[in-house]
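Novice: Spelled out, the chains give:
There are 2 protein chains.
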Amino acid sequence: MDQNKRKRVIIIGAGFGGLWVARELSGTGYDVIVIDKNNYHTFLPLLYQVSAAEIEPEQIASPVRFIVRNFANVRFIRGQVTEICYRDKVVICLGQQIAFDYLVIATGSVNNDFNIPGVLQYSFPLKTLDDGMILRNHILTCFERASFADESKQRRRLLTVVIVGGGPTGVEFAGALAELISGPLKKDFPELGNDAITIYLIEAGENLVGMYGGVLSEYTKFQLEKKGVKVLLNSAVSKMDKTGVYLKDGTIIETETVVWTAGVKGQLVKNDLNADILPNGRITVDEYCKVPGYDDVFIIGDLANFLHNGKPLPMIAPVAIQQGKYIGTLLKALQKGKRIKPFKYVDKGGMVAIGRNKAITQIAGLKLKGYIAWIIWIFIHILYLIGFKNKLFVMINWIWSYIFFEKSVRLILPRCCDDPHGDACLQRGRSCME
Amino acid sequence: MDQNKRKRVIIIGAGFGGLWVARELSGTGYDVIVIDKNNYHTFLPLLYQVSAAEIEPEQIASPVRFIVRNFANVRFIRGQVTEICYRDKVVICLGQQIAFDYLVIATGSVNNDFNIPGVLQYSFPLKTLDDGMILRNHILTCFERASFADESKQRRRLLTVVIVGGGPTGVEFAGALAELISGPLKKDFPELGNDAITIYLIEAGENLVGMYGGVLSEYTKFQLEKKGVKVLLNSAVSKMDKTGVYLKDGTIIETETVVWTAGVKGQLVKNDLNADILPNGRITVDEYCKVPGYDDVFIIGDLANFLHNGKPLPMIAPVAIQQGKYIGTLLKALQKGKRIKPFKYVDKGGMVAIGRNKAITQIAGLKLKGYIAWIIWIFIHILYLIGFKNKLFVMINWIWSYIFFEKSVRLILPRCCDDPHGDACLQRGRSCME
Numbered sequence: 000m001d002q003n004k005r006k007r008v009i010i011i012g013a014g015f016g017g018l019w020v021a022r023e024l025s026g027t028g029y030d031v032i033v034i035d036k037n038n039y040h041t042f043l044p045l046l047y048q049v050s051a052a053e054i055e056p057e058q059i060a061s062p063v064r065f066i067v068r069n070f071a072n073v074r075f076i077r078g079q080v081t082e083i084c085y086r087d088k089v090v091i092c093l094g095q096q097i098a099f100d101y102l103v104i105a106t107g108s109v110n111n112d113f114n115i116p117g118v119l120q121y122s123f124p125l126k127t128l129d130d131g132m133i134l135r136n137h138i139l140t141c142f143e144r145a146s147f148a149d150e151s152k153q154r155r156r157l158l159t160v161v162i163v164g165g166g167p168t169g170v171e172f173a174g175a176l177a178e179l180i181s182g183p184l185k186k187d188f189p190e191l192g193n194d195a196i197t198i199y200l201i202e203a204g205e206n207l208v209g210m211y212g213g214v215l216s217e218y219t220k221f222q223l224e225k226k227g228v229k230v231l232l233n234s235a236v237s238k239m240d241k242t243g244v245y246l247k248d249g250t251i252i253e254t255e256t257v258v259w260t261a262g263v264k265g266q267l268v269k270n271d272l273n274a275d276i277l278p279n280g281r282i283t284v285d286e287y288c289k290v291p292g293y294d295d296v297f298i299i300g301d302l303a304n305f306l307h308n309g310k311p312l313p314m315i316a317p318v319a320i321q322q323g324k325y326i327g328t329l330l331k332a333l334q335k336g337k338r339i340k341p342f343k344y345v346d347k348g349g350m351v352a353i354g355r356n357k358a359i360t361q362i363a364g365l366k367l368k369g370y371i372a373w374i375i376w377i378f379i380h381i382l383y384l385i386g387f388k389n390k391l392f393v394m395i396n397w398i399w400s401y402i403f404f405e406k407s408v409r410l411i412l413p414r415c416c417d418d419p420h421g422d423a424c425l426q427r428g429r430s431c432m433e
Numbered sequence: 000m001d002q003n004k005r006k007r008v009i010i011i012g013a014g015f016g017g018l019w020v021a022r023e024l025s026g027t028g029y030d031v032i033v034i035d036k037n038n039y040h041t042f043l044p045l046l047y048q049v050s051a052a053e054i055e056p057e058q059i060a061s062p063v064r065f066i067v068r069n070f071a072n073v074r075f076i077r078g079q080v081t082e083i084c085y086r087d088k089v090v091i092c093l094g095q096q097i098a099f100d101y102l103v104i105a106t107g108s109v110n111n112d113f114n115i116p117g118v119l120q121y122s123f124p125l126k127t128l129d130d131g132m133i134l135r136n137h138i139l140t141c142f143e144r145a146s147f148a149d150e151s152k153q154r155r156r157l158l159t160v161v162i163v164g165g166g167p168t169g170v171e172f173a174g175a176l177a178e179l180i181s182g183p184l185k186k187d188f189p190e191l192g193n194d195a196i197t198i199y200l201i202e203a204g205e206n207l208v209g210m211y212g213g214v215l216s217e218y219t220k221f222q223l224e225k226k227g228v229k230v231l232l233n234s235a236v237s238k239m240d241k242t243g244v245y246l247k248d249g250t251i252i253e254t255e256t257v258v259w260t261a262g263v264k265g266q267l268v269k270n271d272l273n274a275d276i277l278p279n280g281r282i283t284v285d286e287y288c289k290v291p292g293y294d295d296v297f298i299i300g301d302l303a304n305f306l307h308n309g310k311p312l313p314m315i316a317p318v319a320i321q322q323g324k325y326i327g328t329l330l331k332a333l334q335k336g337k338r339i340k341p342f343k344y345v346d347k348g349g350m351v352a353i354g355r356n357k358a359i360t361q362i363a364g365l366k367l368k369g370y371i372a373w374i375i376w377i378f379i380h381i382l383y384l385i386g387f388k389n390k391l392f393v394m395i396n397w398i399w400s401y402i403f404f405e406k407s408v409r410l411i412l413p414r415c416c417d418d419p420h421g422d423a424c425l426q427r428g429r430s431c432m433e
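In order, the protein sequences belong to chains A and B. One point on numbering: in numbering that gives the first Met the number 0, the residue at position 310 of the first sequence is 309, and numbering is uninterrupted. One point on numbering: in numbering that gives the first Met the number 0, the residue at position 195 of the second sequence is 194, and numbering is uninterrupted.
In short, the hints are calculated from the structure, not lab data. Note that the structure is predicted; figures quoted are calculated from it, not measured. Heads up, some of the hints might be wrong.
Just so you know, same-sequence chains aren't split out, so a pair can sit in one copy or run between any two.
[What the hints assert, rightly or not] Below, in silico cross-link-like pairs of lysine-lysine (DSS-like), each with a Cα-Cα straight-line distance of 27 Å or less: (1) 152 x 126; (2) 241 x 36; (3) 88 x 186; (4) 36 x 152; (5) 335 x 289; (6) 388 x 185; (7) 343 x 264.
Bound-form chain A, shown alone (with noise of 0.2 Å):
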């Protein structure tokens, strides 16, 4: 086939949006182009695993060029789209202007800071590998410092984790938090006391994990706390500045570490697309996950507003793959000239973990708790995991920890300055960084 022939098809993102939509189309007649700012696809469901010195970085990402390398129509570009140009039907990619029949976009989102004075600078975001990186670096560093620290007041501090946010993530990393402070970090600093060392988790709203709601979430509170995690709930959070978080309440809790896991947005680059954006930066689009007004133009994943039921889809992965798989299906019915019916979600359930043996998981209406649930959590997201080896690594890392009650990944890299105390660039973590 002619390539000059060939539609070609502009996917900015290799999320999971992204990535099912390039698979979907291997092997088709159209020309993709996959276009990301890294030049890895990462598993964000274990990100917090990163965090809490669980799994290695490497075992969550794939390259992007190892996975479409297969599909002979599908080629990758590393760099950040910076703007989408309908109007001439090209994306701007590191300068230059590349042309596209059909574009989706499937960028995904960022942490939503819901104005709240001092989140962006106070706090610690976990969406990127790199977050994840960071926060890690951030809580081993205060434990050393904490080590070092003369005044108790200080290694308190040093010693306190605020988490914002009772979802899924917040609920798992807070759980995965305590794991490793109980367990190996215990150990590591016997001269810390074990006092000294608190794990808040806010909710602004009555339940940990609300989309669960009822015995499920009532489980997962009294799991957390039996772990020492001090669950607050019905508590919102007004503002962060150094000192730490304040409370509508009044009540203020000194912390050098905030991790905010309350909520995020959708995230768009620049373009001239008359659409539709959400106050949460979300994109309304229709039953075939297009732009309203445009035939050409689908957007998939966190990013797209889609009402089913007359609700909006959440902002999960599963959601994201199917969208990407019907997006690939409809392109290929598109080539043979037919029609395909509109996209329907299937909701398969969610899971979250909370520890060692215990998970919670929703599948088909049925509600687990406890082991069997944890099991089915590890399960399912083996199963998801790109790349054998990452399997592979993963499990061996799960199995280690289950055994040994260790996690021996817990290293501060890279020193990302010079400051011979390595503190004062790691204190705000991403203050160096940027």
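Given chain A, work out where chain B should sit, using these hints.
Specialist: Leaving out everything else, chain B in the frame of chain A:
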């Protein structure tokens, strides 16, 4: 035993030398403090494999606290020693004074630029775990940029790697890089012609791995050239700038990637010791590894200029390990009021890997090359690597790449600045990290 009556040994540096002292002193009556600016020990002999995307940085590093936590009398401080104040018998670390009775200086070495202009600014060192990751990021980024470069001259520039120094590190890295490029990267970047990619290995002397000489040096050169490496002997670098490398014979090699493995020099912190510092930064020690004139200050490893049959011992791991063990034994003897014999280095030989199935070794005068040497190389490196899980993961990675000709670690991580192209900062690698 009363803690206050214990004599305190401070060990600066958690490399091979420092850790072996600590290990030897575990369970003795000494109060031992190990100080290092990193919270991990790095297994430097495999660092080049991190840069060649063969193994993950976490796999050649072990948290120091994990290593020393079973030694009840050994503590760890993560921090940089900024000054040794012998007059007061203290070291200054993180702004505090820490008193010692005995001091072991094992701070190792840094790159030696031999005052050649441009080396520090325009070349990549390969001495620390950070260096290893930065170089990996840089090389992979050059390939990404080349795949997007229109102009063939710029493309060739990006695909030229110059390694300066034909010692073990230079040879091992050249071999590993050649395999990375001819294997995975060739498959990942089908758009890049193979011809455009060039690896130079530049050596000022007459031979590669000159310490072996003869048939082993020739074999090494032959094998590297078979892999496509251009070996330039008797070639000295006169300067470097942003264009590339200038050789003394007038040759200019245009490149963005110069790796400097041509030599190291001792590194010592500020101090009031009256010691004899050589031009190469090393400090002459007596036959007990003591600084002449001081009964309580020892120097071991790369920093120590120890004369063995009139010649200084090389700056390699086995010397540091043997000296570390020796100082531990010496201090234990001192406690009992005994004296021990002077330090005697036992040369167990050396080994250099060139690539798949290819290595050279010289053990007890016996010179081996090829497959058997390679098996010995693997066995010895796994044996000395600290941590069972590290051994396991490195073995799996090696078996993996052996069977599949695949190296799946090749992530550009972390992106260290917010430049959308990610290139400005990676172009010279270190610029934004420092």
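Novice: Does each hint hold? Answer for all of them.
Specialist: Each hint tested on the structure:
1. 152 x 126: neither (31 Å within a copy, 38 Å between copies)
2. 241 x 36: between (31 Å within a copy, 25 Å between copies)
3. 88 x 186: neither (59 Å within a copy, 31 Å between copies)
4. 36 x 152: Between. Shortest inter-copy distance 25 Å satisfies the 27 Å Cα cut-off; intra-copy 42 Å does not.
5. 335 x 289: Close inside one copy (19 Å), not across copies (82 Å); limit 27 Å.
6. 388 x 185: between (31 Å within a copy, 20 Å between copies)
7. 343 x 264: Answer is within; shortest intra-copy Cα gap is 23 Å, inter-copy 65 Å.
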